[in-house]
Structure formats: C-alpha cells, structure tokens
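Asker: For what it's worth, our numbering labels the leading residue of the sequence shown as 1337, then goes sequentially.
Calculated directly from the structure, the hints in this document are not laboratory data.
Distance condition first, Cα-Cα at most 20 Å in a straight line; then the derived SDA-like pairs of lysine to any residue:
id : residue 1 : residue 2
1  : LYS1597   : GLY1531
2  : LYS1597   : CYS1557
3  : LYS1589   : ILE1601
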Amino acid sequence: MRTLPTALASHLAGDATTMCHCWRVTRRDGIVLGFTEHDHVLTFDGTDFLAASGFQAADSETASGLSVEAGEVSGGFSSVAISEADVIAGRYDGATVEVFQANWQAPAEQHVLLRVQEIGEVVRAGGAFRAELRRLTHRLDQVQGRIYGRRCDAVLGDGWCKVDLTDPAYRGSGAVVAVLSQTQVRVSGLDAALGGFYRQGVCRFVTGANAGHAGDIEDHCVGGDGVVLSLWLPPPLPLAVGDTFTVTAGCDKSFGTCGAKFSNILNFRGFPHLPGSDFAFGYADGDTVHDGRPLYE
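Produce the complete structure using the sequences and hints provided.
Answerer: See below:
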C-alpha cells in the first residue's frame, strides 16, 4: 500500500488538481536524467526534470502479482535531453526508470513514486523515439544461476575464469584500413596473431564515430590480403578508415581451448565429462556394458 504525503493527499482530495508525470532515468553508465510532461522544469528529490524533451506517456495497465506488463513513453530528440546518437549507441538499453507523479505547483513537497521500470525496446522514427517500459518482474524470465553443461559458463577474464586479460599475450590493437562491410573490416596491427586467435573475442573502438562501443568478434582471418575481422553485429554508427580499436582474445568455452590457449584448466567452469543426451535417453541392451565403470577415463 502506498502512503501519500499529507500535503499531496489534501491536494488530490480537492476539486481541481495540478498533477503531472515525471521520469528519472538512470543509465547503466551512471548518468541520471530527469524528464517531465509539464511545460516547465520541475526540481525535487535532487533531480531537475526537464520539460524540453516532449516526454509523453502512453496508457498502461498495472496488475497485482508477478505479471510482466509493460508501458510506453515517447518523445522527441533534443540536444539538451536525449540525443539520437545516444539512443543509436544503446546507452539507454536496460536503463532504470522511476515514474513519479507530482503537483507542478509544489513539486518539492508534493510528489510520489509510482513505480520503477526498465527500458526495453527503443524504436526511432521521424526524429522521435518510443521506448518500452518493462516491469522489473521481467527479470524472472531470465536464467538465474548456473547450468550444467560440457562447455564453460564463465565469461573470459571474470572472477570465475581468472584469466588476466590485461596480459599483452591476450590483447591487441590496430586500425581499420578498409571497410568491406559494416560487419567486416580489413585491419592493421594484428599481423603477429594466428588466424582465429581473436575469434569470439571482443573489439572495442577507441576513436571514430563508435568510440567506446564494444562488439563481439565473429571471425578473425589471416590471409594474403591481410587481416580481416568480422563482427557479429554492425556497430551503431558507420565504420571508417582510420578508426582505431583494441581486441581481446576469444574463447569457445571448450575444455581443450581452456588448456591449450589459456593454460587455465584448473579454473574451467564446465563439465567436459558430463554424459550427453544420447546417453541420458538411452536404454540397456545387449551391446552396451552396464557394470558401473566410469563413462570417461
């Protein structure tokens, strides 16, 4: 049950109200922005809520329980609010949104937090955006904890894996010398690495339009025409010759790669000797030995 401030409750009990919605967006990089549908800037709870964004909420439904209902908010791009470049770069993906209702005549004393949501899908069209607001219960649909499998479930270089990715042996840097497509570039600076060394690794752009953006590497090929990197997804903005980047080695999560490439078998987080589905769904027959011996030596 939500408890309203006394002054706000008295205002809502009156014959006429002066209420509006406000949104506080906390991006994953820590930047906090405030927006309101009112026509003036409102300040409360340590945040300035800008009116220049043209923010407007669509109708939404709220249900009890753990349902994953979603709302929507829309607005126009603004140099003082949300820029199109930031949206393209994914800086608002997964951001937390606090939805307030406030009396615009006295916002500091008369406001209430209605709900906390996360930004889901963002759609751009005609100089404006439309963002889906998801209830936090959507996280319950995501896999939590670990899953038994033959391959490692750690992220290369994290606290489970413990491979030191600051080691120069696992890092490289270079520059784009030719743009073959928006997911494939010919690069310099990686001639010393064997083909495939950076496959399934990470490429982070240092300069250029995509500076700060990191993408997964699909393939790393070395041939007579030079070194070619292929990305799984195109960067938010077009690639250009001269863009510089850093790369880290990739891992296919297999037991063999963990030992041969990283000498890290003791920290392998998979179960390479786990019987497969063929064994699990098999049945006893005269051609198979069932005497309790280990399945793998």
